[in-house]
Amino acid sequence: MQALEVAPTDHARIVLCDVLGWRHEKSAVPILINMLEHSSFKVRSAAADALAKIGDPASGNALLRRLELPDPKIGVRRMLLAALGAVNCQEAIPLLIEYLQNPDPSQRGSAAWSLGAMQASESLPELEKVLRSERSQYPRDRCLRQLKRFERKLVSNRGGLRKNGVLK
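Okay, so the sequence shown: first residue is -11 according to my numbering, each after it adds one.
Certain hints may be false.
Stated by the list, open to error - Derived DSS-like pairs (lysine-lysine); straight-line CA-CA distance at most 30 Å:
(1) K41 x K141
(2) K117 x K61
(3) K30 x K61
Honestly, the hints are just simulated from the structure, not real lab data.
Let's have the full structure, built from the sequences with the hints guiding it.
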């Protein structure tokens, strides 16, 4: 992990972020959070991706704060949006719902994925609304997949309730 701080090039930092993410190295979370502020957008994106792979909820607030800052690189924003769902950052749900209206389809799709990953039932009305009007394939697929995920959960919960005599 010290290697990440002293890496001589951005490429080396990106590779190290990838390795730490694939190894699910929880002890690397603090340094990866620091890398979210790096001057290279590629390093910022790699750090967000690594945090998503690690999945530590402790990184949620840092990812959310970074998303709330302006970043001209759509790829970084897209990765931050996905990482919020991967780390189950419940505080991000209202912002993710707002991102379903973003002009960029990749950001809308990433927001939909995160809402589904967190099983954010409060997003159902907005996901349904977006699905009816969405023209771009990626966000449309993400919304549809998340709605199907919620539907399966609802059906299985009802089945469980029937089995337990709560529903007849």
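Hint by hint, here is what the structure shows:
1. K41 x K141: 24 Å, holds
2. K117 x K61: 27 Å, holds
3. K30 x K61: 9 Å, holds
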